[in-house]
Amino acid sequence: MTEKTLQDILFKELKKLAPECDPPRVAPNENIRDALDIDSYSFLQLLVAINEQTGIDIPEADYAKVSTIGGMLSYLYARLS
Amino acid sequence: MGEFRMPSLGADMETGTLVEWLVAPGTLVRRGDIIATVETQKGLFEIEIFEEGILGEPLIQAGQEVPVGTVLALIHAANGSAVKKDAVSDQPKSAPERFICSPSARRLAREMGVDLATIHGTGPKGAIQRIDIEHAAQTRIPPAVESAKHARTEPASHETLRQGMRQAIAAAMSRSNSEIPHYYLEMEIDMSRSLQWLEVENQKRTIRERLLPAVLLLKAVAKALRDIPEFNGYWLDNQLQIKTEIHIGFAVALRQGGLITPAIHAVDSLSLTALMKAMSDLIERTRSGRLRSSEMTDATVTVTNLGDQGVRTVFGVIYPPQVALIAFGRITERPWAEGGMLGIRRCVTATLAADHRATDGHRGSQFLEVLNKHLQQPESL
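Protein chains in written order, with the UniProt record's numbering: chain A, 1 to 81; chain B, 1 to 381.
Any given hint could be a false lead.
[Claimed, not checked] Per label pair, the in silico range of CB-to-CB distance: (1) R79/A with V68/B: 50 to 56 Å; (2) P28/A with A274/B: 26 to 32 Å; (3) H362/B with N51/A: 44 to 50 Å; (4) T70/B with N51/A: 56 to 62 Å; (5) Q256/B with N51/A: 24 to 30 Å; (6) N51/A with Q376/B: 31 to 37 Å.
The set of hints was computed from the structure by calculation and includes no laboratory data.
Glycine is no exception: its CB is placed at the ideal position from the N, C-alpha and C atoms.
Build the full structure now, drawing on both the sequences and the hints.
This is how it looks when you write it as structure tokens:
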């Protein structure tokens, strides 16, 4: 799985949660939940969807590392390779 | 013989539009069966029936908007005496063609002017999904006039729904503020123990089974209401009617604006795992427009959790005829002095908005005290 594939999965799932937003336009260092107005329930659904498509389990202790798009992508990529 | 009437799905509802009959006349229906869908200012709802019998011919057809209380169909005794045999055997011919299709997809089809009969469903058992409707709407041969008409009507219907919901909220909240003498109490609650317990618990669970802090808050509220029941009930006929069931109306914000507070039933009797499941199910169905009528009508108290935003303290407006609303702000690290020592704890501010006709501040403060006590014993929740 490439970095591009990961990014596509993330953007596709974010678009499902926030259909009126354009995830690629969110700055990589911006907080995902604040930028897209995603509540804790929806954020958990995002992690479940990512887990189902990549097999990567993000433990609760690592939530701070995946709070931005940039952080999320590098976290996921590091666990793929 | 009974009557199946247009239900009132909240103090703010005056009329409802019967969108579809889900059960054919002549069918034996039982308490709790979903037999029709109704659209109100707050969206589309699945309507349950609360008696047993044979559903009579519809008195109101799909598409008709009628006032609350209008008889939609008669319910005949199940022994069949009131039902003609030929009416029952005729029924399959007259019954509308059925498609497996969720109410939200059905609504989308209506809004986009797509005929369900022309769609090939790609969901389980050929169910028609929203994506099939969108696909059909995009790929149909566009007679210029037709598509222009639909292009105009689609945003209008969303806008109408949004305005309708705004008006419904406005009516209920105006009534609340003019009728209910609110009083407010707040308490800062140390959540450290609860959250530590939750972190350990979540390590044992798969990502799908993880619990959110909101589940602990809801369960603690339910237990506190069992201890101090005066905040769980209705103010009706100038007196407090305490309810034994604890059905918590849980405020769910909608992305398009507005909110709905459907009820999670019997919260005090649910395990944390079951409560998480019930809450997830309710949020999903609220956002996809598949709530049931009972969930809209039988909340005995409301909980709002604005902790996902930055706010610290929420002063709620009670949803009549309920007598209390419990609100939580964001869980944050705060300085905490205890036993002569200053430390940092993760805390939440809990507020109680209560009806002063039903209870007094003394009892209210006991309620918050008990709530705090339950949140300090997460393993017993």
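**Request:** Would you list, in rising numerical order, the hints stated earlier that this structure does not obey?
**Result:** 2 and 4
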